[in-house]
Amino acid sequence: MFFKSRHLNSINAGHHKHTAGCATEIMPVPATVRISMSQNIGAPCKPLVKKGDTVLVGQKIGDTDAFLHVPIHASVSGKVTGIETERNAMGGMDTMVVIESDGQQAMDPEIKPPVITNHKEFVAAVKESGLVGLGGASFPTWLKFDPKNKDGVKTLIINGAECEPFITSDHRTMLEDAQNVIDGALAVMKYLELDDCYIGIEDNKPDAIDNFDNMFAKQGINNMYTFPLKASYPKGAERVLIYEVLGKTCDAGVLPADLGCIVSNVTSIAFLGQYLKDGIPLISKRMTVDGDAVAEPKNIVAPIGTDIHDVVEFCGGYRKPPKKILMGGPMMGRAVFSDRLPIVKNNNAILVFSKEQAWIPEETACINCGRCHQACPFELLPTGFADAYEMGDVERLNDLQVMQCMECGSCSFVCPAHRPLAFMNKLGKAMVREASSNGK
Amino acid sequence: MASNTKYYDNLTVSSSPHLVTSLDTTKTMLYVVAALCPAAIMSIVYFGIPAVVIIAVCMASCAFFEWAYEKILNKPVTVRDGSALVTGLILALNLPANLTHLSEIGYPIFMPILICIIGSFVAIVIVKQLFGGMGRNFANPAIVGRITLFLSFTAWMSLWPLTNFQKAGVDAVTGATPLGYLADGSLEGAPSLLNMFTGNIGGAMGETCAIAILIGAIILIALKIISPIIPVCFVCTVFLFALIYYAVTGGGPEGQSALYMACFHVCAGGVMFGAVFCATDYVTSPIMPMGKVMFGIGCGLVTMIIRLFCSYPEGVSFAILFMNIATPLLDSFAEDKFYGISKRKKEAAAAEAKKA
Ligand code: SF4
Ligand code: SF4
Numbered sequence: 001m002f003f004k005s006r007h008l009n010s011i012n013a014g015h016h017k018h019t020a021g022c023a024t025e026i027m028p029v030p031a032t033v034r035i036s037m038s039q040n041i042g043a044p045c046k047p048l049v050k051k052g053d054t055v056l057v058g059q060k061i062g063d064t065d066a067f068l069h070v071p072i073h074a075s076v077s078g079k080v081t082g083i084e085t086e087r088n089a090m091g092g093m094d095t096m097v098v099i100e101s102d103g104q105q106a107m108d109p110e111i112k113p114p115v116i117t118n119h120k121e122f123v124a125a126v127k128e129s130g131l132v133g134l135g136g137a138s139f140p141t142w143l144k145f146d147p148k149n150k151d152g153v154k155t156l157i158i159n160g161a162e163c164e165p166f167i168t169s170d171h172r173t174m175l176e177d178a179q180n181v182i183d184g185a186l187a188v189m190k191y192l193e194l195d196d197c198y199i200g201i202e203d204n205k206p207d208a209i210d211n212f213d214n215m216f217a218k219q220g221i222n223n224m225y226t227f228p229l230k231a232s233y234p235k236g237a238e239r240v241l242i243y244e245v246l247g248k249t250c251d252a253g254v255l256p257a258d259l260g261c262i263v264s265n266v267t268s269i270a271f272l273g274q275y276l277k278d279g280i281p282l283i284s285k286r287m288t289v290d291g292d293a294v295a296e297p298k299n300i301v302a303p304i305g306t307d308i309h310d311v312v313e314f315c316g317g318y319r320k321p322p323k324k325i326l327m328g329g330p331m332m333g334r335a336v337f338s339d340r341l342p343i344v345k346n347n348n349a350i351l352v353f354s355k356e357q358a359w360i361p362e363e364t365a366c367i368n369c370g371r372c373h374q375a376c377p378f379e380l381l382p383t384g385f386a387d388a389y390e391m392g393d394v395e396r397l398n399d400l401q402v403m404q405c406m407e408c409g410s411c412s413f414v415c416p417a418h419r420p421l422a423f424m425n426k427l428g429k430a431m432v433r434e435a436s437s438n439g440k
Numbered sequence: 441m442a443s444n445t446k447y448y449d450n451l452t453v454s455s456s457p458h459l460v461t462s463l464d465t466t467k468t469m470l471y472v473v474a475a476l477c478p479a480a481i482m483s484i485v486y487f488g489i490p491a492v493v494i495i496a497v498c499m500a501s502c503a504f505f506e507w508a509y510e511k512i513l514n515k516p517v518t519v520r521d522g523s524a525l526v527t528g529l530i531l532a533l534n535l536p537a538n539l540t541h542l543s544e545i546g547y548p549i550f551m552p553i554l555i556c557i558i559g560s561f562v563a564i565v566i567v568k569q570l571f572g573g574m575g576r577n578f579a580n581p582a583i584v585g586r587i588t589l590f591l592s593f594t595a596w597m598s599l600w601p602l603t604n605f606q607k608a609g610v611d612a613v614t615g616a617t618p619l620g621y622l623a624d625g626s627l628e629g630a631p632s633l634l635n636m637f638t639g640n641i642g643g644a645m646g647e648t649c650a651i652a653i654l655i656g657a658i659i660l661i662a663l664k665i666i667s668p669i670i671p672v673c674f675v676c677t678v679f680l681f682a683l684i685y686y687a688v689t690g691g692g693p694e695g696q697s698a699l700y701m702a703c704f705h706v707c708a709g710g711v712m713f714g715a716v717f718c719a720t721d722y723v724t725s726p727i728m729p730m731g732k733v734m735f736g737i738g739c740g741l742v743t744m745i746i747r748l749f750c751s752y753p754e755g756v757s758f759a760i761l762f763m764n765i766a767t768p769l770l771d772s773f774a775e776d777k778f779y780g781i782s783k784r785k786k787e788a789a790a791a792e793a794k795k796a
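Heads up: the sequence lines are chains W and A, in that order. One point on numbering: in the working numbering, the residue at position 225 of the first sequence is 225, and numbering is uninterrupted. Plus 440 on top of the position in the second sequence (first one is 1) and you've got the working numbering.
None of these hints come from the bench; they were simulated from the model. The model shown is predicted, which means the values in this text are computed figures rather than measured ones. Backbone N, C-alpha and C define an ideal beta-carbon position, used for all residues, glycine too. Careful: at least some of the hints might be erroneous.
Listed below are the simulated DSS-like cross-link pairs for lysine-lysine, each with C-alpha atoms no more than 30 Å apart in a straight line [to be verified]:
(1) W:K277 to W:K190
(2) W:K150 to W:K190
(3) A:K777 to W:K426
(4) A:K607 to W:K248
(5) A:K786 to W:K426
(6) A:K786 to W:K429
(7) A:K467 to W:K355
(8) A:K783 to W:K426
With beta-carbon atoms standing in for the labels, derived distance ranges [as the list claims (entries may be wrong)]:
(9) A:V688 to W:P361: 31 to 37 Å
(10) A:M551 to W:N12: 49 to 55 Å
(11) W:E395 to A:K467: 34 to 40 Å
(12) W:A217 to A:I658: 41 to 47 Å
Chain W is nowhere near these chain A residues, computed Cβ spacing over 12 Å in every case [said to hold, decoys possible]:
(13) I557
(14) L680
(15) Y685
The following block holds chain W by itself, in its conformation from the complex:
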């Protein structure tokens, strides 16, 4: 892999990987969980249970006939105490199944390892597992494993970059769950008939790289490789990772499969390895809990549907009053309005910031320094987007190719005037979409 002549722009956003050395702790089952029925990009599920039903761990409680979806399973055993409609982290309304735990964690007897003999069964099994992209996008994974041009896809790229500051859950997965990662990857390669697999890992996690290298050598695996990446943001963005590993430019809207690869998050692959062995669907999630308002930052595994509040309680509670709580990392994560929201499948971190850490300086005038342009992995012109957006100039937004922006936030991070550039890019993209749906 020496054909790369250059790298995409990236920034040093600080690492803050305080919890890298914290072995994962399993959180005890909370008294109640609230499981959202829309946890994937695509159609939301309809509840299969009603108030008063008893459910077992791993029992399917949500499903739909719509094409793009994955089923949802109970993460605790106990009684359904309500089907509620509540505001979700995005501000929309979600159906939630509330389950009061009986503390038994009795497993659904139906659960057994899937029997797979061919690609079709493999895709069906992945769909049944409820797996979505755990890196943050929550795109149903089974669809990724069923590309239209299956014969053209030759490479599996596993994303273990974990370039977001603070988050270490993927790092812990790679150390604690490496065998599952390998087994999962081998299964994907077998059923999709892939040639090779690269695990992209930032070079600030040398232990994870060494760990994999040793295991490959010991197990005689010669078509999987680790791929060290420079530890800088946003090396773990899908389009950046593809460029770094394969040297192929991936424009917005192009599917990785069109470039002959499948990109999957390392935690998704680890889950898959586990699932193929025991058949337990996606009901819990490893995540990093950090931030200056958390008493004991750590890595935990929590059942899906646990309140953020309970998660923080398990980590020693609040050290200071929280001002901002993030689902995900500080660069692309979502700020939520309340700590009463439940954990969803794609949460890889809960970051709790106090007033001091959440403070973002006020915006000042653009000084035309060009740092936003230099920071952008795709060499876009965020300051131009922002101006064009403010002028409502859709044509200029299109000229400057605003739709290529992946909202990684690098430009906002480096701007000395602290302009909310990534936010304005989002608004600019929405403006372009609206204009084109109105037929210009």
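Please build the complex by placing chain A with the ligands on the supplied structure of chain W, with the hints as guidance.
Relative to the frame of chain W, chain A with the ligands by itself:
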């Protein structure tokens, strides 16, 4: 759930990212001041008290005008961002360390101070604030300040005090700059290249010492405050232009080699200072790297054309002002090429025509 649990339901919601750099505008400006320090210190070493006074007056009056203008117009006061101090310092280093010599030709004693204040007023109020303040000015405030003073107070602006070291053993207190010698057609008595490199020559306070300017440039580039593109293109263009010109015309005065003359032009006058500190002003130079290249080359070309073919001995300020004005053009040209805007449009039009 325990009843005494306290939930937090009114957290801040904002768009990502939730972390930003600590390198803000103020810090950026402080780094620029730091990078200007070697040149400022050398100006004090060479010119003594007058240098201190002029630097202090320019910086203070720039900051004052910024504050006063914004106060009077009820705008948010931005003097804390330090950009006015940078403008003041650059303006001061662009002036002669000339505090007393005007009174010798009949002007009041406070005249030089007044001139500095006028320059600061032009820079901050007229060039920067009247165009909308930080980030909106089309031309470099310090450069326009200097040009204004040069055109209005030509006598003062062309009396160049000798450095403390040059004065030893001579009666004169002012003398010609290296470019002044050249404009007079003879390099007889002009300082050696070594003196020009170390700055032991007549000239604007901060412009003389090439070494100090280079140190400043290294600081700025190492801290990633500026990109090296503009200074490198600027200086290289001056060097090559001079080299070719003198090679073609058969050497400089007194049979100096073309190479010597190329080095002479790079070290003389404001090329180095202008390339590092004035032409790289964010607001008035292009963002796109390709625009920066054209900007730097343009500055070099205009400088040399003025020096060699016009009546002024020095052309750096005019060159930078000229290119400042061209900056929006350069940027849109570079954007167009970089993002293939007109190419895509042409292709779309061609496809449309084919369909029809
Ligand atoms: S948010 Fe968009 S414009 Fe800004 S750096 Fe990322 S991709 Fe580039
Ligand atoms: S980084 Fe900020 S200040 Fe610099 S050009 Fe971009 S928007 Fe303007």
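Hint check:
no.: 1; hint: W:K277 to W:K190; verdict: 16 Å, holds
no.: 2; hint: W:K150 to W:K190; verdict: 13 Å, holds
no.: 3; hint: A:K777 to W:K426; verdict: 25 Å, holds
no.: 4; hint: A:K607 to W:K248; verdict: 65 Å, violated
no.: 5; hint: A:K786 to W:K426; verdict: 28 Å, holds
no.: 6; hint: A:K786 to W:K429; verdict: 23 Å, holds
no.: 7; hint: A:K467 to W:K355; verdict: 23 Å, holds
no.: 8; hint: A:K783 to W:K426; verdict: 26 Å, holds
no.: 9; hint: A:V688 to W:P361: 31 to 37 Å; verdict: 55 Å, violated
no.: 10; hint: A:M551 to W:N12: 49 to 55 Å; verdict: 51 Å, holds
no.: 11; hint: W:E395 to A:K467: 34 to 40 Å; verdict: 36 Å, holds
no.: 12; hint: W:A217 to A:I658: 41 to 47 Å; verdict: 46 Å, holds
no.: 13; hint: I557; verdict: 25 Å, holds
no.: 14; hint: L680; verdict: 26 Å, holds
no.: 15; hint: Y685; verdict: 33 Å, holds
Violated hints, listed in ascending order, are 4, 9; each of the other numbered hints is respected by the structure.
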